[in-house]
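Colleague: Residues per chain are reported as follows:
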Amino acid sequence: MEAARRAGFDTILVTNRECSSIGEESFRHISAYKYPFFDLLPPIKLPAWFAWGTALANRLRFRLLWLSRFSALGVIIQQRTSPATFLMHNSEGQPFSSTVAVVVISGLWRLARAFWVVIALAVQLIMFLPRLLVRAVLALFRSRHFAAARAATVGEAEHIVRMASTVSRQRGYLLRTIQGLLCQRRFSRDTWRVLREISPDKEDIVFLPTASQVEMLGLAAVLYNMPDSRHPSYHLVFRRNIYIGRERDYRTQDLALHDCRRTFHKAEEMITDLRQFHYYTDTDELSAQYNRLLPGRFRTLSIPHTWRSSPARRVSKFRLVYAGDGRKEKGYQHLHHLAQELYRERIDLQLEFVIQTNYNTPDGEPECIVAQSQLSTITPGITLLREPLASAEYRKLVQSADAVLLLYDRDNYYARSSGILVEALSLGIPVVAPTGTWLTRQFLAPVYRHYQDAFAEDTVLARMGGNSLRWRDFRHVSKDSGEAEARLNGKSHCRLKVPNGATHLRIRIEALTAELAEARLFLNMLDESGRAVEPLRELVAETARDSGLAVVLRPIGFGVECIVLTFEGYPSLAFRRANLTIDFLLLSPDMPLGAVGAIYHDESEVGSAVRELMAHREHYRRTAEEFAVEFRNYHSSDRLIADLINSTRGLPQ
Amino acid sequence: MMVACVSDVALGYGTPQLPLLVSSISEHYAASSIVLEPLQKECPPLHYRYPGFRITTIPTSEHPHGVKGRNEYVWRCIEFLNKIRPEVLLLSCTYSLPVLFGLKWRPRKVIYFAVESVSFYGEFDVLMNRHARELIDTVIFCEENRASQEIEAFAFQRKQIAVMYNCSNRSGIWPPPLPRDDRNERILYAGRIGPPTYCHYLADERLAGRPIDLFGPIILGGEEQTEAYRARLRGNVRHHGYLPAEELAVVRRNYIYSIVMWDPSWHRAQHYYAAPNKLFEAVADGVPPISAPHPQCELLIRRYGCGVVLPDWSFSGFQDSIRRSLEYWKNGRWDAMLHGCRTAVEQELSWDTQFAKLRPFLDLADR
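So the sequence lines, in the order shown, correspond to chains G and A.
FYI, our numbering numbers position 418 of the first sequence as 418, with every residue one higher than the one before it.
FYI, our numbering numbers position 69 of the second sequence as 1069, with every residue one higher than the one before it.
With the rest of the complex left out, here is chain G (with noise of 0.2 Å):
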């Protein structure tokens, strides 16, 4: 708001009614929204009178379960074929009223047995007459004085079933589909409201910073049926993945994604002038997934970072932070882990480790629940913030760092933005993050540099690439192989002896492109009688933006002689073997194994990760405020807000 400000703009901020003031004065808000908007949508309940009674049908149908195993009378009719064993093993104070009770219905059991068959004809006779009476319905129903009522009986019966077993079968669909429908509704009403109220022009901007498709379509509608509303221009940024996993994975999902392409062209039919409707995400690859959808629609948006940046912390103990709420796709559920393998050094003397530790859902994952119950019983040094922060508070958190940990899913991750990795890196603090994520590409220009400059030449025990490797086909599954020879099968790999000394690998492959492309590796390292020292490790290295270049550092540990690499060429054809170096590096433990930040491959190395960061706090305090000048520069809302100009006036970013 404040760069729009600056930028020459009255600004207007418009918020869901509860929001009732914001402790701003600069600008004008209006609180007009009874749309929650899409954290927060409406549920479709059920009346009360069915929930409550679907529970007590539950209720009274476990009760009589339980009842016929475990009551008295449960266990006495379970007896009735074995009374005798029953009777003999009673034990003392048995009272004499069950005793009778076995016996009895025990009796009634084997006379019921002796006698089934008069019992069944019994029975037979009994429902004779309804039976017959039954029939001659049906006989006459079947005659072909009834055939015309009959059919359409029958049609409309078979019909109604159909309709019926859908619905059932797809309630969840169909209660979304009508939940998405009257959001839908209410936002374009609440809209028209603000923008007949606010009577914009041709020059104004609509930004809405966190859209979905439900307020997309509710805004095509808005602009469809009311002519007024069609003076400014709107620009809308999607924040969510719609692909999971990377761009290997997308052919696989596109049919699934087909509901979502219909609703993309649904509202671009609704919309009369597409100029005036602009699309964003706030990454490239977002951008890469919507346009698969919306062929060249969405651009790729700055994610302004908003605090002001402080004094670097001089205090002794490190302070490592998890901030965000406790979710399994943030990776709180490794946080214990992390924190037993810390403090079984004792580094607890020298860290300080503070977990934001609320949950995203009333009742939380069931995996963070496990974790925070660990969690709490590793007292020393460990500051569990239970309840949700407010903002002022979460940024005095976050300022407070060292190192911020961010450990992400991988697959959620590819594509999504990181407002905290934005904040972090923009005060110049260290973070620790995956490899292979959105989050480490931010930084991994800085990463590589380091890899490749920072050790000097006569560091390096031994250097091998192109025909030097020896590359051989995997093929040694047999009957007997496990998962991990079988993981490796049909795929390259080449055999290298450790020089004596060497205390790191350096792995470097030039991509055939630069754009962004991604290598797996595998790496076995193995002891003089060729056994695994460590379990297999599968390594992701992507190349750095506009440098086609991809760089994997690895520590070689004790008692390795020899290692074996396996390269997958496939899917990714952006590399070729013959483009792989491989250097063995003796490196003093001084030295810096990278910068900016920590990038782990695996959860089992973020304990290695952070003991390198505090090992190195100046250096990668130092590189990390150094990379911030840049990075502040791009993601600032003063570029974000000449980019919405730009767009609006058919200008590139």
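It should be emphasised that the hints constitute simulated quantities derived from the structure, not laboratory data.
The reader is advised that the hints may include incorrect statements.
Below are the DSSO-like pairs computed for lysine-lysine, each with C-alpha atoms no more than 27 Å apart in a straight line [unchecked claim]:
#1 A:K1159 / G:K328
#2 A:K1330 / A:K1357
#3 A:K1068 / A:K1104
#4 A:K1159 / A:K1104
#5 A:K1068 / G:K497
#6 G:K317 / G:K396
#7 A:K1330 / G:K328
#8 G:K266 / G:K202
#9 A:K1068 / A:K1041
Starting from the known structure of chain G, arrange chain A on it as the hints suggest.
Modeller: Relative to the frame of chain G, chain A by itself:
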């Protein structure tokens, strides 16, 4: 004040954590305690081992681990508990959980020790656990992944949850590990020997030269199959029959490794997410485990470097790991594993450390 426990097995057999839980909880509340146990004819009573609490054996007309026997056991436990009305009730396993629905009063604390996977017991138990959540205060799980699954399945999100590893070694009481020179240089397998525990691997002739001792009953159907299996054991692989837990504890300390593995295809939740007593007993005794990659076993072994983890579930992985383990015994890496076992026990894998996870949840409700 009284603490009552409804056990699913005869005390002293099966879950060694149960008597420890009872005595630790009783100490915490400074209360008397009583344990209800089923009468298992094949298990002679071991009451002499537990002088600190009262034990009441509940006989049933059928074996308590059959359907009718269980139902009768639960019914009789309900009658007993309705007379004594303890303030704190501890229920061991879903086997004992039905007791909760027959009580005529609500204890001030109900602790559910979910030591086994509920789905192992069938559909009724799954339904029952969902209905039990309103009556339970605290749930103890012994494996994190199983905890996550069952919290979601039974809506236990708002319950007090504790994850306590299956350690049964009390600090100061458990004897220290034997030094290297006192070991017999053999590998131990102790437990049931049958298809769910990869018995065919142990009988494979490719293992004939490996020094492996088997202790435990052979569960293969009948006498004939058992004898045929024993005949298949080759060379240095020997079966020594069944040993009671006390004697096994004495014997185990002499070994250099202990094998831990279940076939996950038999029951995923129960076997894949295994939390095996023998892993923790082996670590406590300074006998590094050779473990299949069960998630909890792998996590703890890698965390402390106190054993060997199989790369996968295949025979080649198992064979290779046995070979590797024997090499480590010779080349000094075994000593590092022994040190890892000691560190694990000092820092995490002891009863006292695990019970500390439950302490924050032992406040009593006013009922």
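Colleague: So, for every hint listed, does it hold in this structure?
Modeller: To see whether the hints hold, each was checked on the structure:
1. A:K1159 / G:K328: holds (19 Å)
2. A:K1330 / A:K1357: The hint is violated at about 39 Å.
3. A:K1068 / A:K1104: holds (23 Å)
4. A:K1159 / A:K1104: Holds, at about 22 Å.
5. A:K1068 / G:K497: violated (65 Å)
6. G:K317 / G:K396: holds (17 Å)
7. A:K1330 / G:K328: violated (43 Å)
8. G:K266 / G:K202: Holds, at about 24 Å.
9. A:K1068 / A:K1041: holds (16 Å)
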